[in-house]
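J.: Kindly produce the complete structure, drawing on both the sequences and the hints.
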Amino acid sequence: MYGQVRIEKLSKTYQTRQRKGLFKSEAKAIEALTGISFEIKPGEVFGLLGPNGAGKTTLIKCLTTLLLPTSGRAWINGFELAKEDNSIRATVGCMLMGERGLYWKLTGRENLVFFGALYHLSPAARRRRADEIIARLDLGELADRAVETYSSGQKMKLAFAKALINDAPLLILDEPTNTLDLPSARELRAVVRELNQQGKTVIYTTHIMSEAETMCDRVAIIDRGEVLALGTVPELKASMNREAVIRIEGVISTQASQAVEALPGVTRAATAAVNGHTQLTVMAQDDQMTLLPRLIETLTAHHAVVQKITPEEVTLEDVFIARTGRTLADDTRVK
Amino acid sequence: MTTSTIGRPTFRQTLSAALAETRMRMINISRYPGQLMLEIIIPIVFAAMPILLGRANGADAAANFKANTGTANYVAFLLIGANAFTLVSNAFWHIAYWLRFEQETGTLESVYLTPTSSVTLASGVALYSIVRGLTAAFLAFFLGCLIFRVNPFEGDVWLALAFILAGLIPLYGVALLFGAVVLKVKESNAIVGLMQWAVGFLMGLFYPVAVLPPLVRWAALLFPPTWMTNGVRSALLGVGFFFGEWYLDMAVLWVFMLFAPLFGFWVFNRVERGIQRNEGVGQF
Numbered sequence: 043m044y045g046q047v048r049i050e051k052l053s054k055t056y057q058t059r060q061r062k063g064l065f066k067s068e069a070k071a072i073e074a075l076t077g078i079s080f081e082i083k084p085g086e087v088f089g090l091l092g093p094n095g096a097g098k099t100t101l102i103k104c105l106t107t108l109l110l111p112t113s114g115r116a117w118i119n120g121f122e123l124a125k126e127d128n129s130i131r132a133t134v135g136c137m138l139m140g141e142r143g144l145y146w147k148l149t150g151r152e153n154l155v156f157f158g159a160l161y162h163l164s165p166a167a168r169r170r171r172a173d174e175i176i177a178r179l180d181l182g183e184l185a186d187r188a189v190e191t192y193s194s195g196q197k198m199k200l201a202f203a204k205a206l207i208n209d210a211p212l213l214i215l216d217e218p219t220n221t222l223d224l225p226s227a228r229e230l231r232a233v234v235r236e237l238n239q240q241g242k243t244v245i246y247t248t249h250i251m252s253e254a255e256t257m258c259d260r261v262a263i264i265d266r267g268e269v270l271a272l273g274t275v276p277e278l279k280a281s282m283n284r285e286a287v288i289r290i291e292g293v294i295s296t297q298a299s300q301a302v303e304a305l306p307g308v309t310r311a312a313t314a315a316v317n318g319h320t321q322l323t324v325m326a327q328d329d330q331m332t333l334l335p336r337l338i339e340t341l342t343a344h345h346a347v348v349q350k351i352t353p354e355e356v357t358l359e360d361v362f363i364a365r366t367g368r369t370l371a372d373d374t375r376v377k
Numbered sequence: 713m714t715t716s717t718i719g720r721p722t723f724r725q726t727l728s729a730a731l732a733e734t735r736m737r738m739i740n741i742s743r744y745p746g747q748l749m750l751e752i753i754i755p756i757v758f759a760a761m762p763i764l765l766g767r768a769n770g771a772d773a774a775a776n777f778k779a780n781t782g783t784a785n786y787v788a789f790l791l792i793g794a795n796a797f798t799l800v801s802n803a804f805w806h807i808a809y810w811l812r813f814e815q816e817t818g819t820l821e822s823v824y825l826t827p828t829s830s831v832t833l834a835s836g837v838a839l840y841s842i843v844r845g846l847t848a849a850f851l852a853f854f855l856g857c858l859i860f861r862v863n864p865f866e867g868d869v870w871l872a873l874a875f876i877l878a879g880l881i882p883l884y885g886v887a888l889l890f891g892a893v894v895l896k897v898k899e900s901n902a903i904v905g906l907m908q909w910a911v912g913f914l915m916g917l918f919y920p921v922a923v924l925p926p927l928v929r930w931a932a933l934l935f936p937p938t939w940m941t942n943g944v945r946s947a948l949l950g951v952g953f954f955f956g957e958w959y960l961d962m963a964v965l966w967v968f969m970l971f972a973p974l975f976g977f978w979v980f981n982r983v984e985r986g987i988q989r990n991e992g993v994g995q996f
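Residue numbers (my numbering), protein chains in the order written: chain B, 43 to 377; chain E, 713 to 996.
You may find that some hints are simply not true.
Which bits of chain B does chain E cover? Going by a derived footprint, with three or more residues having C-beta under 8 Å, they are [as the list claims (entries may be wrong)]:
#1 83–97
#2 125–131
#3 244–253
#4 342–351
With a cut-off of at most 25 Å between alpha-carbon atoms, the simulated SDA-like pairs for lysine to any residue come out as follows [to be verified]:
#5 E/896 x B/124
#6 E/896 x B/71
#7 B/70 x E/744
#8 B/147 x E/744
#9 B/147 x E/727
#10 B/350 x B/365
#11 B/66 x E/893
#12 B/147 x E/815
#13 E/896 x B/67
#14 B/62 x E/727
#15 B/125 x E/987
Note that these hints are calculated values from the structure, not bench results. All C-beta atoms in this analysis are idealised placements derived from N, C-alpha and C, irrespective of residue type, glycine included.
T.: Structural data, given as C-alpha cells:
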C-alpha cells in the first residue's frame, strides 16, 4: 500500500578492517542494525531519533535501496526491498545528503529538471513540476542562479525541492532543517505538514527534540542498531512514570489547595508564599493535558484567583536520556 | 500518487534519462570554457614535440619514417596518434572520474536514489564523452594540420571515421571496467593515470606497434584503441591494416564492439552489487 513501510527483523553488519600497524589490519564486523521491526502507517509523520552512530542513516539507506541489508525483509509502498528496488525508488522522495546531493555548476531549475528526467518524467512534466515546486518553496529568485552561489540554507531548500520532484507518496527527510535559519525552518516544516495533510507519509530524522515533538505523530528512538522505544510523543512521555508538575500562582485558599490534593491522579499539592501571593505546586501522575482543566475547575469552584500557571512537562529529551543513558549530542559510533 | 513511472521504464524513458545525463554534463562543462580549450591545444602540443624532433632530423626523417611505417607523412601520423590518445584518455577519465567526482560531491547517492539504472547513467556519460572527445579531437587534428601544413583530407576520410566510431564503443566498455575498479578501490587518480599511459604505450601513440617486442605487440592487439588508431592511419596514410584488408580489421573491432561493453557492464554491475552489500555505492 502506498505510504506504508513495514520492516521485519532488518539487520545490517558492515565488514571492515581495523589497522593494527603500518602494514597490518584485522577484519572487523560492525553491527549497525540488529533485527529491527516496526511499521509506519500511511499518512503519518514518523520520527527517527538517535545519537550519531545509532543506525538511523544505515536504516534509511537500506530503505532507500542504497544499501543491501544483511538479513531481514522490508516493504516500502508495498514493494519488497531487494526485489522491487526500482519501484521503491520511483515512489520515494528523499532528502538524505542535504546540499551535497546537488550539482553546483547547474542552476536550481536545471537540477530539478535533470532529476525529473531520472524519475522518468516527460520533458514537459519535469519542467512543469519544477515550476510548481519553485513557486511553492518561494525559490523564484534563486532558481536560475548556479547552486554554487547559494548560501547553505538555500542549498538545503533546493535539496528539499529535489525530494518533491517525483511527487512521491513517501518522503524520507534526513535532518531537513539543518543549517536553515528560523524562518526558513518554520516554512519548511509548514510545507511538510501540508504535504502530510495531502496524504503523504513522512519519515523524519532530526536532532531537534522540539521539532520531533511538534512534527511527528510517532517517534522511534534508535540506539546501537536497536529500536529502544516507539510510540506517540504522549505515550513515550507517559512511559516515563514521572510526575507532571504544575505551579499555579494567585490567591488560593487552604480549602482550594486541599480540594486540589483530593483530585484523582494528584499525588501532592503544596502551597508556599511567594512575592505576596500563594504558589500552589501540584504533582500528578496524569499528563498536563488531562490535569489542567480539572485543576482550574476545582480552583475556580473554591473561589481561587489564578494569576499564573507554569507547567513543567516531561520532554522527549527526558525520554531519550532515560532510554539510552545519553543525550543526543553523544556519539555512539563504534570506535 | 507519484508522477514517476513504477516498474520497468519504457525504452523512450530510458533514452530520455540517458540524454538528460548527457545534456546535464554538456551544460556543466560549458561552464568551464578553459578546460574545453585545453583539450584542443594539448594534443597539438603533445604531437608537436616529436614532430619538431623529426623536422630537426632534416629531409632524411620522412624517408626513414616511410621505410619503417609505410608513410612519409610523419606529421599526420603523430597528430593522429596524439588525438587518438586524447580520445582514450578522455574515455577513461570521464567514466572513472565521473564516479569518483560524484562520490566526493555526494551526487552519486542522489542519482542512485532515482529509478534510472547505473547502466543508463553510464551510457549518458559515455555519449557526452564521445561528443566532447570527438569534437576536441577533430578540432585539434585540423588545427594541427593547419599549423604544420599537412592535408587533413588525404586518404579515405569516411573509412577513418568508421574506424573511429567502431573503436569508441569498445573503448567505453574498457573504461567501464576501470570505473568498476574506481568504485571498489576509491582511488581513481593513480589507477586511471597508470592505465591511460599503459594503453597509450600499447596502442602506438607515436610509433607503429610493429616496433614493439613480440609479447608486448600481442598484448597491444588485445586493446581496441590499437586497432582504431591503426585503422585511421591506414585509411588516411596507407600504413597498412593488421590483416591486410580494411574489412578484416573492422571485423575485429566489431567483435570488440560486441563483447567489450557487455563485459564492462557485467563487471561494473557485479562490483556495484558487492559494494551495495557493504558500505553502499555513494559512500566516499
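J.: Holds or violated: residue 896 of chain E and residue 71 of chain B, Cα atoms, limit 25 Å.
T.: Satisfied, since the Cα-Cα distance of roughly 19 Å is no more than 25 Å.
J.: Are there three or more residues in the segment 342–351 of chain B whose C-beta lies within less than 8 Å of some C-beta in chain E?
T.: violated (count 0)
J.: Taken at face value, is the distance from the CA of residue 893 of chain E to the CA of residue 66 of chain B at most 25 Å?
T.: 23 Å, holds
J.: With the threshold set at 25 Å, check whether the alpha-carbon distance from residue 896 of chain E to residue 67 of chain B stays at or below it.
T.: Distance ~18 Å between residue 896 of chain E and residue 67 of chain B Cα, so the pair holds.
J.: Check whether the Cα positions of residue 147 of chain B and residue 815 of chain E lie no farther apart than 25 Å.
T.: Given pair residue 147 of chain B, residue 815 of chain E holds - Cα atoms ~16 Å apart, limit 25 Å.
J.: Starting from residue 350 of chain B, check that the Cα of residue 365 of chain B is at most 25 Å away, please.
T.: 33 Å, violated
J.: Are residue 125 of chain B and residue 987 of chain E close enough, with their CA atoms no more than 25 Å apart?
T.: Status holds; Cα separation ~17 Å.
J.: In terms of beta carbon proximity below 8 Å, does the segment 83–97 of chain B have 3 or more residues touching chain E?
T.: It is violated, with 0 qualifying residues against the three required.
J.: When you check the alpha-carbon spacing of residue 147 of chain B and residue 744 of chain E, does it fall within 25 Å?
T.: 9 Å, holds
J.: Going straight from one Cα to the other, do residue 62 of chain B and residue 727 of chain E come out at no more than 25 Å?
T.: Violated - the C-alpha atoms of residue 727 of chain E and residue 62 of chain B are around 49 Å apart, more than 25 Å.
J.: Please count how many residues of the segment 244–253 of chain B have a CB within 8 Å of a CB from chain E and say whether that reaches 3.
T.: violated (count 0)
J.: Holds or violated: residue 896 of chain E with residue 124 of chain B, Cα cutoff 25 Å?
T.: 21 Å, holds
The structure fails hints 1, 3, 4, 7, 10 and 14 (numbered hints given earlier, in ascending order).
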